[in-house]
Amino acid sequence: MISRTVTRLAAVALILAFAIIGSGPVTAADPIKIGAALSLTGRFSDSAKYVQEGYQLWLQEVNAHGGINGRPVQLITYDDESNPDTAAVLTERLISRDGVVAILGPYSSPITDAAATVAERAGVPMLGTIASDSSIWERRKLHWTVQAFPSSTYDHEGFLKVIASKGKAIKHLAIVYEESPFSIGAKNWAMGEAKKMGLSAEAFGYAPGSQDFSSIVERLIASKADAVSMGGYYQPSIALTRKMIERGYSPVAYHFIQAADGVTKTALADNANGIFGRSAWESTFTDSASKTFTAAYKAKFNRLPSYHSAAAYAAGQVLEAAIKAKGPDKNGIRDFITTATMPTVLGTYKLNSKLQQEGYRYTLTQWVNGESKVVRDPAQALWPKPAWK
Amino acid sequence: MTLILQLAINGLVFGSLLGLVALGLALVFGVMRLVNFAHGEFITLGAYATYLLVTTTGVSPLWGIPIAALLGAAIGLAIQMLVISRLAGRPELDALMSTYALSIVGLGLFALAFGGDFRTYSAGPSGNVALAGVVVGWRSITVLVSCVIVGAATLALVSRARTGLGFRAVAQNREAAAACGVNVVASERLAFSVSVALAAICGALISFIGTTTPNVGHEWLLDGFVVVIIGGLGSISGALVAALAIGLLHSFASYYFDDSWAQIMTYALLYIALLVRPHGLLGARSAT
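Just so you know, the protein sequences line up as chains A and B, in that order.
Position one of the first sequence corresponds to residue 26 (the working numbering), numbered consecutively onward.
Position one of the second sequence corresponds to residue 53 (the working numbering), numbered consecutively onward.
Please keep in mind that the hints were generated in silico from the structure rather than gathered at the bench.
Only a predicted model underlies this, so the values are computations on that prediction, with no experimental measurement involved.
Glycine is no exception: its CB is placed at the ideal position from the N, C-alpha and C atoms.
One or more of the hints may lead you astray.
Claimed, not checked - Computed beta-carbon distance windows for the label pairs:
no., chain 1, residue 1, chain 2, residue 2, range
1, B, L145, A, K323, 53 to 59 Å
2, A, G124, B, Y319, 47 to 53 Å
3, B, R85, A, K323, 55 to 61 Å
4, B, R138, A, K323, 51 to 57 Å
Modelling step: build the complete structure from the supplied sequences, incorporating the hints.
Right, here's the structure in full:
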């Protein structure tokens, strides 16, 4: 009887010993685990690869400098196949199975929205690396997910600035927007700013998935708008521009938010000349942080970084600072990333009370002689837009 | 008056493209009683084929129309022989699910081959024509003229040629048609092949005025189904009339109200059509 009790006690002691050894104190060699679900395949894969490379460069540099507080950093990455539902499942896996202390955001606003549901429920900090859609933070009370990308609210800001500088003769501004939350938010902000500027402005909405923009162009013509800013997605922007060209409607100034992308030139050829766009970051930026980042990126990947890569690297910089300041503690990281103001390659990281980005702002760009250039001084912009060819 | 004419022309251009989408759907349903969910992928096929042709060879995108038609016809024939023909006599749900599966496979293949970013080109006719204040771009004119030619040719094939007689016989009664000597298998192969060719032509024209993504066909498919239902399931001429009506409605409603109202009105029209004429504008009462 006694020997059986002793045997049982010994067994329990052994199990406890293994359990204690297994969950023993974290050693200096144990990596700090960070997760990311990225669209490595599927419709977002072309752009998401740039995000992955931005994360990889940041990771390499951190570990080359001895990790964070002496511990190496491990980035666990999964492929969400460009699917929000898959991203949510993978975020759950990163948190519950891999035990990550923080998440570097996925590609695109809809996928960030889906992943945020899981991160919020589990109480794990997440940086919305490529989430421009501020309406996510407007309609949901998020505590663990922050916007680490310039906010869509300011999509038209650069164009309004150039109008303020060069467009004294502009009589009527037209804002074209998609009836989606991000575009409506940007339109509302721009209409308010236009009013402050004393500019007559009118908004023209179109339904998501719209195939035909000919009636909107007729309405623009009827409104006598001499400046047009399109705040929808890229494809509708190209479709609208082509209709304007076909119809021969050439405003004094024209802006669409993703015009800086190289496809604009492929789609519009010489007609791209003079069109304004906006960009979160450009590899031609001359500040020292951008120059260093661009050189390191080019050396590692043998191609120029896109704004996606810069945003990814910047998110890594914020997370690195958070862990350095608070240790690999979820609550500590959350407190840091929700309150910090710090410089990154993307600019000054700073959030408002809703955890929307306020520090990063878009830069105005313009197509001039076949090249998309940063408009550093609005007074130097090409004005008026050359007539369509 | 100029504005009315301008809106009417814009509506006809949009409606003609919609008509081409609906034409293929109506043909396959009319002859084979098959609701083809993969029709959107055949539109995408034509769009990518034209994009590749233009960007790799530098030829005019107008060449994309016959090339897409031939490619579509060949692929349509292969799919009909390998997949669709095996569905004859099976429950309707089997056929429905099979075309849905084809759609998913197609979507995946396009995404794999071309990624998610949209593809486009700037080659092709440019400029516009102004007549009595009405301005129409050469691209829109090309789309309109192409749709009219292809639509008229399809109507002629179905209503006049001996092939059309076979189509109509198979549509009325498959077994009776076979008993009367109509080659049912050949008729069904041809109908499906022509339908895919029409979708591919439509894709070529869409790539010409818009952009191409793996989803481009899907974006037109739902409107295509609306047109087919309003026109009368299986009715070719009904589909064409409904497409032009929806194109005009969309153009005027988008201008005088807004784009969202235009969509609401389109679906309201569908609802009214189903209430008042459940068999469609020109559909036979037994068609459903």
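Which hints, by number, does the structure contradict? Nothing - there is no hint that the structure violates, so all of them hold.
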